[in-house]
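**Student:** The task is simple: from the sequences and hints, build the whole structure.
So the sequence shown is numbered by our numbering: it starts at 7 and just counts up by one.
Possibly wrong hints are sitting among the right ones.
Stated by the list, open to error - Quick list of in silico lysine-lysine cross-link-like pairs, DSSO-like style, CA-CA up to 30 Å:
1) Lys91 / Lys73
2) Lys72 / Lys32
3) Lys19 / Lys73
4) Lys217 / Lys159
5) Lys125 / Lys73
6) Lys197 / Lys159
7) Lys22 / Lys125
8) Lys47 / Lys116
Please keep in mind that the hints were generated in silico from the structure rather than gathered at the bench.
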Amino acid sequence: MSRINQSIFKKIKNQKSLAILIDPDKFEGSSVNQLVEMLPKEISFILVGGSTVDDGDAENCVRALKKATDLPIVLFPGSYRQITKHADALFFMSLLSGDNSEYLIHQQRKSIDCILASKLEIIPTAYILIDGGKITSVERISQTNAIPQDDLKYILDTVMAGEFMGKSCVYLEAGSGAEFPVSTEIVRAVKAISSMIIIVGGGIRTQKQQKELYEAGADVIVIGTAFEQKMNKL
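**Tutor:** Right, here's the structure in full:
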């Protein structure tokens, strides 16, 4: 039986969802219960992953979270080495906004043995970097450039290329700590032409921004840095 697009995918397909992104590099296992207590009530699932994560850190993070919460844990890996069987699902991403084949297909190929040895639900995802006002770690690691927000045709062409490849979701990413998020104009235009689930992350700091992005057509909003800053104030 195929493990593509099962229960978690169906859940995010049928409702507006909020996800919190946890970077294993910044995760402290000793504070996991406090972290879980601070999660927004409306959260649908937790994402785990980052651009630069030491071997084993992602697995340790997932295992600690699984003990502390019943929320689904979805991997958002910056490398195939971050994949662990202890999570519930995996955004199986291809970086379509750049020309580096390592993140288009080679990282994905390297992950297959680990995935086949797991029971992870697989969610095929088109990953598209869009300028958020600063150079992000994803750009540095992948050695690719984000698409300017005013180049709407390029963005839409890339989105549709992902859809025609058979992707189920499109992740519009402004990057961790972006100065501003992907614009509502871009999200609205993507919604008008694509049947994929639209995930938007990077630079989203306020409930007003979340509301506007949902209204523009986003299906999933991902909050990372803003939640980290909230935790750091403890």
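**Student:** If a hint holds in the structure, say so; if it doesn't, say that too.
**Tutor:** Evaluated hints:
Restraint check for Lys91 and Lys73: satisfied, since their Cα atoms lie roughly 15 Å apart, inside the 30 Å limit. For the proposed pair Lys72 and Lys32, the alpha carbon gap of about 17 Å is at most 30 Å, so the pair holds. Proposed proximity of Lys19 and Lys73 is supported: the alpha carbons are some 26 Å apart, at most 30 Å. For the given pair, Lys217 sits about 25 Å from Lys159 by alpha-carbon distance, which is consistent with the 30 Å threshold.
In summary, the hint linking Lys125 to Lys73 is supported, as the alpha carbons are separated by about 18 Å, within the 30 Å threshold. Between Lys197 and Lys159 the alpha-carbon distance is near 14 Å, which keeps this suggested pair within the 30 Å criterion. For the suggested pair Lys22 and Lys125, the alpha carbons sit about 26 Å apart, so the restraint of at most 30 Å is met. With a C-alpha separation of about 36 Å, the suggested pairing of Lys47 with Lys116 is violated against the 30 Å cut-off.
The structure is inconsistent with hint 8 alone, although it conforms to all the rest.
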